[in-house]
Amino acid sequence: MRRGETRGKERGPGLSAQLRNPPGGRNARIMLLALAVDRTGSGLWAASSVLYLTFVTHLSAQQIGVLLGVAGVAGIAGSPLAGRLAGRFPVRSLLIGCHLLRLVTLVLVLVCTGFDALLPVVAVTYLGDRAAKTLEMLFATRAAGERRAAYQALSRSAANAGYGVGAGIAAIGLAVGTTGAYRVLILGNALSFVVAAVLVWRTDEPSGSAVEAARSGGAAPAAPGEDKGVVRGGSPWRDRGYLGFVLLDIPMNLDDSILAVGLPLWLVNRTSAPHALVPAFLVINTVLVVVLQLSVSKRAEGPRQAARAVLLYGVLMLACCGFLAVATRGGAWTAGAVLLAAALLVTLAELMRSVSSWELAVLLAPQDARAAYLGVAGMSQSIQKSAGPPLLTGVVMAAGPAGWLVLGTAVAGLAVVQSRACARRLGLGPARAGAALAVK
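Sequence positions in the sequence shown follow the numbering used here and run 44 to 483.
There could be a bad hint or two in this list.
SDA-like mimics (lysine to any residue), calculated; alpha carbons at most 20 Å apart, straight line [what the hints assert, rightly or not]:
1. LYS428 <-> GLY188
2. LYS428 <-> ALA90
3. LYS428 <-> ASN64
4. LYS341 <-> LEU406
5. LYS428 <-> LEU325
6. LYS428 <-> LEU290
7. LYS428 <-> VAL93
8. LYS341 <-> ASN64
9. LYS428 <-> ILE107
10. LYS428 <-> LEU457
11. LYS428 <-> VAL116
12. LYS428 <-> ASP299
13. LYS428 <-> GLY108
14. LYS428 <-> ALA120
15. LYS341 <-> LEU325
16. LYS428 <-> VAL167
17. LYS428 <-> ALA453
18. LYS428 <-> VAL304
19. LYS341 <-> ALA453
Hint data in this document are derived by calculation from the structure and do not stem from the laboratory.
The whole structure should be built from the sequences, with the hints applied where relevant.
Have a look at this one:
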(Lines of atoms letter the chains of each structure in order from A; the text may use other names.)
(Lines give C-alpha, C1' and ligand atoms only; values in the text may rest on other atoms or scores of the structure.)
Protein backbone atom coordinates (compact mmCIF):
# COMPACT_ATOMS: atom_id res chain seq x y z
CA MET A 44 0.00 0.00 0.00
CA ARG A 45 2.73 2.42 0.99
CA ARG A 46 4.79 1.55 -2.07
CA GLY A 47 1.86 2.28 -4.32
CA GLU A 48 1.27 5.59 -2.57
CA THR A 49 4.94 6.48 -2.95
CA ARG A 50 4.92 5.72 -6.65
CA GLY A 51 1.78 7.78 -7.07
CA LYS A 52 3.41 10.75 -5.38
CA GLU A 53 6.49 10.40 -7.59
CA ARG A 54 4.35 10.39 -10.69
CA GLY A 55 2.40 13.43 -9.51
CA PRO A 56 -0.84 14.68 -11.05
CA GLY A 57 -1.66 13.74 -14.62
CA LEU A 58 -1.55 15.89 -17.73
CA SER A 59 -5.15 17.13 -17.55
CA ALA A 60 -4.82 18.03 -13.86
CA GLN A 61 -1.60 19.98 -14.47
CA LEU A 62 -3.13 21.80 -17.43
CA ARG A 63 -5.92 22.96 -15.11
CA ASN A 64 -3.43 24.05 -12.46
CA PRO A 65 -0.07 24.64 -14.18
CA PRO A 66 3.05 26.21 -12.68
CA GLY A 67 2.36 29.93 -12.71
CA GLY A 68 -1.34 29.66 -11.81
CA ARG A 69 -4.01 31.60 -13.65
CA ASN A 70 -1.63 33.49 -15.96
CA ALA A 71 0.04 30.28 -17.07
CA ARG A 72 -3.31 28.56 -17.63
CA ILE A 73 -4.52 31.38 -19.89
CA MET A 74 -1.19 31.47 -21.72
CA LEU A 75 -1.35 27.73 -22.40
CA LEU A 76 -4.81 28.19 -23.91
CA ALA A 77 -3.53 31.09 -26.03
CA LEU A 78 -0.61 28.94 -27.16
CA ALA A 79 -2.92 26.07 -28.13
CA VAL A 80 -5.11 28.45 -30.15
CA ASP A 81 -2.07 29.96 -31.86
CA ARG A 82 -0.70 26.53 -32.80
CA THR A 83 -4.09 25.46 -34.14
CA GLY A 84 -3.74 28.33 -36.59
CA SER A 85 -0.16 27.30 -37.30
CA GLY A 86 -1.43 23.83 -38.19
CA LEU A 87 -3.82 25.38 -40.69
CA TRP A 88 -1.00 27.40 -42.25
CA ALA A 89 1.54 24.57 -42.34
CA ALA A 90 -0.88 22.21 -44.06
CA SER A 91 -2.22 24.68 -46.61
CA SER A 92 0.38 27.38 -47.29
CA VAL A 93 2.33 25.63 -50.06
CA LEU A 94 -0.84 24.58 -51.86
CA TYR A 95 -2.31 28.07 -51.44
CA LEU A 96 0.80 29.64 -52.94
CA THR A 97 0.71 27.10 -55.79
CA PHE A 98 -2.95 27.03 -56.78
CA VAL A 99 -4.24 30.45 -55.66
CA THR A 100 -1.31 32.83 -56.17
CA HIS A 101 0.15 30.64 -58.97
CA LEU A 102 3.78 30.80 -57.83
CA SER A 103 6.26 28.32 -59.29
CA ALA A 104 8.01 25.74 -57.14
CA GLN A 105 11.24 27.74 -57.41
CA GLN A 106 9.50 30.93 -56.29
CA ILE A 107 7.91 29.15 -53.33
CA GLY A 108 11.29 27.75 -52.34
CA VAL A 109 12.88 31.20 -52.42
CA LEU A 110 9.91 32.72 -50.60
CA LEU A 111 10.01 30.24 -47.71
CA GLY A 112 13.81 30.27 -47.60
CA VAL A 113 13.97 34.05 -47.26
CA ALA A 114 11.16 33.92 -44.69
CA GLY A 115 13.13 31.36 -42.69
CA VAL A 116 16.18 33.64 -42.69
CA ALA A 117 14.02 36.56 -41.57
CA GLY A 118 12.70 34.40 -38.75
CA ILE A 119 16.23 34.04 -37.38
CA ALA A 120 16.17 37.72 -36.40
CA GLY A 121 12.88 37.32 -34.54
CA SER A 122 14.32 35.67 -31.42
CA PRO A 123 17.15 38.12 -30.58
CA LEU A 124 14.91 41.07 -31.48
CA ALA A 125 12.23 39.82 -29.10
CA GLY A 126 14.80 39.21 -26.37
CA ARG A 127 16.23 42.71 -26.70
CA LEU A 128 12.81 44.36 -26.61
CA ALA A 129 11.72 42.20 -23.66
CA GLY A 130 14.56 43.72 -21.64
CA ARG A 131 12.93 47.14 -22.05
CA PHE A 132 9.20 46.59 -22.46
CA PRO A 133 6.59 44.28 -20.86
CA VAL A 134 6.56 40.80 -22.38
CA ARG A 135 2.75 40.69 -22.33
CA SER A 136 2.43 43.82 -24.49
CA LEU A 137 5.10 42.65 -26.90
CA LEU A 138 3.40 39.28 -27.34
CA ILE A 139 0.05 40.93 -28.09
CA GLY A 140 1.88 43.08 -30.63
CA CYS A 141 3.35 39.98 -32.31
CA HIS A 142 -0.09 38.38 -32.61
CA LEU A 143 -1.55 41.55 -34.14
CA LEU A 144 1.43 41.94 -36.48
CA ARG A 145 0.88 38.42 -37.83
CA LEU A 146 -2.84 39.13 -38.14
CA VAL A 147 -2.06 42.07 -40.44
CA THR A 148 0.47 40.14 -42.53
CA LEU A 149 -1.88 37.13 -42.98
CA VAL A 150 -4.62 39.46 -44.23
CA LEU A 151 -2.09 40.97 -46.64
CA VAL A 152 -1.23 37.45 -47.88
CA LEU A 153 -4.86 37.17 -49.00
CA VAL A 154 -4.71 40.36 -51.07
CA CYS A 155 -1.17 40.05 -52.45
CA THR A 156 -0.91 37.93 -55.58
CA GLY A 157 2.60 38.58 -56.91
CA PHE A 158 5.90 37.15 -55.75
CA ASP A 159 7.44 40.59 -55.13
CA ALA A 160 4.56 41.63 -52.87
CA LEU A 161 4.37 38.32 -51.00
CA LEU A 162 8.10 38.12 -50.23
CA PRO A 163 8.26 40.88 -47.56
CA VAL A 164 4.82 39.99 -46.19
CA VAL A 165 5.65 36.32 -45.58
CA ALA A 166 9.10 37.28 -44.24
CA VAL A 167 7.56 39.57 -41.62
CA THR A 168 5.06 36.82 -40.75
CA TYR A 169 7.88 34.40 -39.99
CA LEU A 170 9.81 37.05 -38.05
CA GLY A 171 6.73 37.69 -35.90
CA ASP A 172 6.23 33.95 -35.45
CA ARG A 173 9.73 33.38 -34.07
CA ALA A 174 9.50 36.48 -31.89
CA ALA A 175 6.19 35.28 -30.44
CA LYS A 176 7.65 31.86 -29.57
CA THR A 177 10.55 33.48 -27.71
CA LEU A 178 8.22 35.83 -25.84
CA GLU A 179 5.98 32.91 -24.84
CA MET A 180 8.91 31.16 -23.22
CA LEU A 181 10.16 34.35 -21.56
CA PHE A 182 6.70 34.75 -20.07
CA ALA A 183 6.81 31.15 -18.88
CA THR A 184 10.30 31.51 -17.41
CA ARG A 185 9.13 34.43 -15.29
CA ALA A 186 5.68 33.09 -14.41
CA ALA A 187 6.63 29.48 -13.62
CA GLY A 188 9.93 30.20 -11.85
CA GLU A 189 11.78 27.08 -10.76
CA ARG A 190 9.09 24.89 -12.35
CA ARG A 191 9.75 26.26 -15.83
CA ALA A 192 10.67 22.78 -17.15
CA ALA A 193 7.26 21.46 -16.12
CA TYR A 194 5.57 24.43 -17.79
CA GLN A 195 7.66 23.90 -20.91
CA ALA A 196 6.44 20.31 -21.04
CA LEU A 197 2.81 21.40 -20.68
CA SER A 198 3.26 24.00 -23.40
CA ARG A 199 4.71 21.37 -25.73
CA SER A 200 1.72 19.10 -25.10
CA ALA A 201 -0.76 21.94 -25.62
CA ALA A 202 1.06 23.14 -28.74
CA ASN A 203 1.18 19.72 -30.36
CA ALA A 204 -2.48 19.09 -29.57
CA GLY A 205 -3.39 22.43 -31.16
CA TYR A 206 -1.17 21.76 -34.16
CA GLY A 207 -2.85 18.39 -34.67
CA VAL A 208 -6.31 19.95 -34.51
CA GLY A 209 -5.29 22.60 -37.02
CA ALA A 210 -3.86 20.01 -39.42
CA GLY A 211 -7.07 17.98 -39.12
CA ILE A 212 -9.25 20.99 -39.93
CA ALA A 213 -6.95 21.84 -42.83
CA ALA A 214 -7.41 18.34 -44.25
CA ILE A 215 -11.11 19.08 -44.67
CA GLY A 216 -10.43 22.31 -46.54
CA LEU A 217 -7.79 20.68 -48.71
CA ALA A 218 -10.24 17.93 -49.58
CA VAL A 219 -12.65 20.59 -50.88
CA GLY A 220 -9.75 22.10 -52.83
CA THR A 221 -11.41 25.29 -54.02
CA THR A 222 -9.90 28.78 -53.93
CA GLY A 223 -12.52 29.76 -51.37
CA ALA A 224 -11.56 26.82 -49.14
CA TYR A 225 -7.88 27.80 -49.22
CA ARG A 226 -8.76 31.38 -48.30
CA VAL A 227 -10.92 30.21 -45.40
CA LEU A 228 -7.97 28.25 -44.02
CA ILE A 229 -5.72 31.32 -44.18
CA LEU A 230 -8.44 33.38 -42.49
CA GLY A 231 -8.68 30.70 -39.82
CA ASN A 232 -5.01 31.19 -39.04
CA ALA A 233 -5.54 34.96 -38.88
CA LEU A 234 -8.49 34.45 -36.53
CA SER A 235 -6.29 32.39 -34.21
CA PHE A 236 -4.05 35.45 -33.75
CA VAL A 237 -7.04 37.56 -32.70
CA VAL A 238 -8.16 35.01 -30.11
CA ALA A 239 -4.61 34.50 -28.84
CA ALA A 240 -4.10 38.27 -28.47
CA VAL A 241 -7.33 38.60 -26.47
CA LEU A 242 -6.29 35.74 -24.18
CA VAL A 243 -2.83 37.24 -23.58
CA TRP A 244 -4.51 40.57 -22.81
CA ARG A 245 -6.37 38.84 -19.97
CA THR A 246 -3.11 37.86 -18.24
CA ASP A 247 -0.99 39.95 -15.90
CA GLU A 248 2.61 40.85 -16.59
CA PRO A 249 4.71 38.22 -14.76
CA SER A 250 6.91 39.36 -11.89
CA GLY A 251 10.68 39.33 -12.15
CA SER A 252 10.60 41.33 -15.35
CA ALA A 253 13.91 42.31 -16.85
CA VAL A 254 12.40 45.78 -17.31
CA GLU A 255 12.51 46.27 -13.55
CA ALA A 256 16.13 45.15 -13.37
CA ALA A 257 17.07 47.48 -16.23
CA ARG A 258 15.34 50.44 -14.61
CA SER A 259 16.91 49.78 -11.23
CA GLY A 260 20.35 49.47 -12.80
CA GLY A 261 21.23 46.74 -10.34
CA ALA A 262 22.01 43.08 -10.73
CA ALA A 263 19.30 40.71 -9.71
CA PRO A 264 20.10 38.03 -7.14
CA ALA A 265 20.94 34.57 -8.35
CA ALA A 266 17.92 32.47 -9.12
CA PRO A 267 17.43 29.11 -7.44
CA GLY A 268 19.50 26.55 -9.32
CA GLU A 269 21.53 29.20 -11.10
CA ASP A 270 25.25 28.86 -10.56
CA LYS A 271 26.89 31.86 -8.95
CA GLY A 272 29.87 31.49 -11.29
CA VAL A 273 27.85 32.47 -14.33
CA VAL A 274 28.97 35.83 -15.68
CA ARG A 275 26.41 38.48 -14.76
CA GLY A 276 25.02 41.25 -16.93
CA GLY A 277 26.56 42.37 -20.18
CA SER A 278 25.64 41.48 -23.74
CA PRO A 279 25.16 37.89 -24.91
CA TRP A 280 26.97 38.82 -28.12
CA ARG A 281 30.16 39.36 -26.08
CA ASP A 282 29.75 36.20 -24.01
CA ARG A 283 31.78 33.64 -25.94
CA GLY A 284 30.78 30.80 -23.64
CA TYR A 285 27.08 31.42 -24.17
CA LEU A 286 27.51 31.92 -27.91
CA GLY A 287 29.31 28.57 -27.97
CA PHE A 288 26.30 26.99 -26.29
CA VAL A 289 23.97 28.52 -28.91
CA LEU A 290 26.22 27.37 -31.75
CA LEU A 291 26.29 23.79 -30.44
CA ASP A 292 22.54 23.92 -29.90
CA ILE A 293 21.96 24.24 -33.67
CA PRO A 294 22.82 20.57 -34.43
CA MET A 295 20.95 19.67 -31.23
CA ASN A 296 17.79 20.72 -33.10
CA LEU A 297 18.29 18.55 -36.19
CA ASP A 298 15.59 16.14 -35.02
CA ASP A 299 13.06 18.63 -36.41
CA SER A 300 14.41 18.43 -39.98
CA ILE A 301 14.92 14.66 -39.78
CA LEU A 302 11.27 14.16 -38.88
CA ALA A 303 9.81 16.65 -41.37
CA VAL A 304 12.23 16.21 -44.29
CA GLY A 305 14.68 13.35 -43.84
CA LEU A 306 12.30 10.52 -42.97
CA PRO A 307 9.71 11.15 -45.71
CA LEU A 308 12.26 11.75 -48.49
CA TRP A 309 14.43 8.81 -47.45
CA LEU A 310 11.40 6.53 -47.45
CA VAL A 311 10.24 7.66 -50.89
CA ASN A 312 13.60 7.82 -52.65
CA ARG A 313 15.82 5.18 -51.06
CA THR A 314 13.65 2.46 -49.49
CA SER A 315 10.93 0.06 -50.58
CA ALA A 316 8.63 0.95 -47.66
CA PRO A 317 5.00 1.85 -48.52
CA HIS A 318 4.49 5.56 -49.15
CA ALA A 319 1.34 5.43 -47.01
CA LEU A 320 3.60 5.26 -43.94
CA VAL A 321 4.66 8.91 -44.31
CA PRO A 322 1.68 10.36 -42.36
CA ALA A 323 2.36 7.84 -39.59
CA PHE A 324 5.62 9.65 -38.76
CA LEU A 325 3.73 12.80 -37.80
CA VAL A 326 1.06 10.83 -35.97
CA ILE A 327 3.68 9.03 -33.85
CA ASN A 328 5.40 12.32 -33.10
CA THR A 329 2.24 14.23 -32.18
CA VAL A 330 0.78 11.51 -29.95
CA LEU A 331 4.01 10.76 -28.08
CA VAL A 332 4.79 14.43 -27.45
CA VAL A 333 1.32 15.05 -26.02
CA VAL A 334 1.42 11.91 -23.86
CA LEU A 335 5.06 11.74 -22.73
CA GLN A 336 6.40 15.31 -22.65
CA LEU A 337 5.40 15.94 -19.05
CA SER A 338 7.03 12.78 -17.68
CA VAL A 339 10.17 13.29 -19.79
CA SER A 340 10.50 16.87 -18.55
CA LYS A 341 11.17 15.59 -15.03
CA ARG A 342 14.49 14.22 -16.35
CA ALA A 343 15.64 17.70 -17.37
CA GLU A 344 14.80 19.87 -14.35
CA GLY A 345 17.91 21.52 -12.96
CA PRO A 346 21.51 21.56 -14.23
CA ARG A 347 22.36 17.93 -13.56
CA GLN A 348 19.35 16.40 -15.29
CA ALA A 349 19.52 18.88 -18.17
CA ALA A 350 23.16 17.99 -18.86
CA ARG A 351 22.31 14.30 -18.76
CA ALA A 352 19.38 14.83 -21.15
CA VAL A 353 21.78 16.31 -23.72
CA LEU A 354 23.79 13.07 -23.65
CA LEU A 355 20.64 10.98 -24.01
CA TYR A 356 19.67 13.14 -26.98
CA GLY A 357 22.96 12.30 -28.69
CA VAL A 358 22.50 8.56 -28.05
CA LEU A 359 18.94 8.59 -29.41
CA MET A 360 19.95 10.55 -32.51
CA LEU A 361 22.81 8.15 -33.20
CA ALA A 362 20.41 5.20 -32.93
CA CYS A 363 17.85 6.93 -35.17
CA CYS A 364 20.45 7.65 -37.87
CA GLY A 365 21.65 4.05 -37.62
CA PHE A 366 18.11 2.79 -38.29
CA LEU A 367 17.81 5.11 -41.29
CA ALA A 368 21.09 3.79 -42.66
CA VAL A 369 19.90 0.17 -42.58
CA ALA A 370 16.37 0.94 -43.83
CA THR A 371 17.56 0.53 -47.43
CA ARG A 372 17.97 -3.20 -46.88
CA GLY A 373 15.22 -5.80 -46.72
CA GLY A 374 11.71 -5.87 -48.10
CA ALA A 375 8.97 -3.29 -47.95
CA TRP A 376 7.59 -4.26 -44.55
CA THR A 377 11.02 -4.62 -42.98
CA ALA A 378 12.00 -1.19 -44.23
CA GLY A 379 8.69 0.20 -43.01
CA ALA A 380 9.19 -1.22 -39.52
CA VAL A 381 12.74 0.15 -39.36
CA LEU A 382 11.57 3.62 -40.44
CA LEU A 383 8.77 3.61 -37.86
CA ALA A 384 11.37 2.73 -35.22
CA ALA A 385 13.48 5.66 -36.46
CA ALA A 386 10.44 7.94 -36.12
CA LEU A 387 9.99 6.73 -32.55
CA LEU A 388 13.65 7.37 -31.70
CA VAL A 389 13.73 10.85 -33.24
CA THR A 390 10.57 11.73 -31.30
CA LEU A 391 12.15 10.56 -28.04
CA ALA A 392 15.19 12.68 -28.91
CA GLU A 393 12.91 15.66 -29.52
CA LEU A 394 11.28 15.14 -26.13
CA MET A 395 14.69 15.29 -24.45
CA ARG A 396 15.90 18.26 -26.45
CA SER A 397 12.78 20.41 -26.18
CA VAL A 398 13.08 20.69 -22.40
CA SER A 399 16.84 20.43 -21.80
CA SER A 400 17.72 23.01 -24.44
CA TRP A 401 15.56 25.72 -22.90
CA GLU A 402 16.44 24.72 -19.32
CA LEU A 403 20.15 25.07 -20.05
CA ALA A 404 19.61 28.32 -21.95
CA VAL A 405 17.95 29.74 -18.82
CA LEU A 406 20.47 28.35 -16.33
CA LEU A 407 23.47 29.56 -18.33
CA ALA A 408 22.12 33.11 -18.69
CA PRO A 409 22.67 35.78 -16.01
CA GLN A 410 19.31 36.63 -14.47
CA ASP A 411 19.64 40.39 -14.88
CA ALA A 412 20.12 40.01 -18.67
CA ARG A 413 18.09 36.85 -19.18
CA ALA A 414 15.69 38.24 -21.78
CA ALA A 415 18.49 39.27 -24.15
CA TYR A 416 20.33 35.98 -23.62
CA LEU A 417 17.27 33.84 -24.26
CA GLY A 418 16.52 35.82 -27.39
CA VAL A 419 19.95 34.87 -28.74
CA ALA A 420 19.45 31.26 -27.63
CA GLY A 421 16.22 31.11 -29.65
CA MET A 422 18.21 31.66 -32.84
CA SER A 423 19.44 28.06 -32.81
CA GLN A 424 16.03 26.68 -33.78
CA SER A 425 15.55 29.27 -36.52
CA ILE A 426 19.00 28.64 -38.01
CA GLN A 427 18.41 24.90 -37.97
CA LYS A 428 15.08 25.32 -39.77
CA SER A 429 16.90 27.17 -42.56
CA ALA A 430 20.10 25.10 -42.71
CA GLY A 431 18.80 21.66 -41.68
CA PRO A 432 16.77 20.69 -44.77
CA PRO A 433 19.50 21.56 -47.32
CA LEU A 434 22.08 19.79 -45.13
CA LEU A 435 20.01 16.61 -45.13
CA THR A 436 19.02 16.66 -48.80
CA GLY A 437 22.26 18.02 -50.27
CA VAL A 438 24.85 16.29 -48.10
CA VAL A 439 23.58 13.53 -45.82
CA MET A 440 21.11 11.82 -48.15
CA ALA A 441 23.34 12.38 -51.17
CA ALA A 442 26.03 10.34 -49.39
CA GLY A 443 23.64 7.42 -48.89
CA PRO A 444 23.51 5.26 -45.73
CA ALA A 445 27.05 6.35 -44.78
CA GLY A 446 25.80 9.93 -44.62
CA TRP A 447 23.33 9.04 -41.88
CA LEU A 448 26.00 7.20 -39.89
CA VAL A 449 28.34 10.20 -40.09
CA LEU A 450 25.54 12.57 -39.07
CA GLY A 451 24.53 10.44 -36.09
CA THR A 452 28.11 10.11 -34.91
CA ALA A 453 28.70 13.86 -35.28
CA VAL A 454 25.56 14.79 -33.33
CA ALA A 455 26.41 12.30 -30.56
CA GLY A 456 29.93 13.69 -30.31
CA LEU A 457 28.70 17.29 -30.21
CA ALA A 458 26.21 16.29 -27.49
CA VAL A 459 29.13 15.17 -25.32
CA VAL A 460 30.92 18.47 -25.96
CA GLN A 461 27.75 20.44 -25.19
CA SER A 462 27.11 18.54 -21.96
CA ARG A 463 30.65 18.98 -20.67
CA ALA A 464 30.76 22.67 -21.60
CA CYS A 465 27.49 23.32 -19.77
CA ALA A 466 28.73 21.41 -16.72
CA ARG A 467 31.87 23.56 -16.59
CA ARG A 468 29.96 26.83 -16.94
CA LEU A 469 27.48 25.81 -14.26
CA GLY A 470 30.31 24.98 -11.87
CA LEU A 471 29.82 21.23 -11.81
CA GLY A 472 33.25 19.79 -11.00
CA PRO A 473 34.42 16.47 -12.46
CA ALA A 474 33.02 14.45 -9.56
CA ARG A 475 29.73 16.33 -9.46
CA ALA A 476 29.38 16.28 -13.22
CA GLY A 477 29.96 12.55 -13.27
CA ALA A 478 27.27 12.09 -10.63
CA ALA A 479 24.98 14.34 -12.60
CA LEU A 480 25.32 12.33 -15.75
CA ALA A 481 25.03 8.94 -14.15
CA VAL A 482 21.78 7.05 -14.44
CA LYS A 483 20.11 7.03 -11.05
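Do the hints match the structure? See the list:
no., hint, result
1, LYS428 <-> GLY188, "violated (29 Å)"
2, LYS428 <-> ALA90, "holds (17 Å)"
3, LYS428 <-> ASN64, "violated (33 Å)"
4, LYS341 <-> LEU406, "holds (16 Å)"
5, LYS428 <-> LEU325, "holds (17 Å)"
6, LYS428 <-> LEU290, "holds (14 Å)"
7, LYS428 <-> VAL93, "holds (16 Å)"
8, LYS341 <-> ASN64, "holds (17 Å)"
9, LYS428 <-> ILE107, "holds (16 Å)"
10, LYS428 <-> LEU457, "holds (18 Å)"
11, LYS428 <-> VAL116, "holds (9 Å)"
12, LYS428 <-> ASP299, "holds (8 Å)"
13, LYS428 <-> GLY108, "holds (13 Å)"
14, LYS428 <-> ALA120, "holds (13 Å)"
15, LYS341 <-> LEU325, "violated (24 Å)"
16, LYS428 <-> VAL167, "holds (16 Å)"
17, LYS428 <-> ALA453, "holds (18 Å)"
18, LYS428 <-> VAL304, "holds (11 Å)"
19, LYS341 <-> ALA453, "violated (27 Å)"
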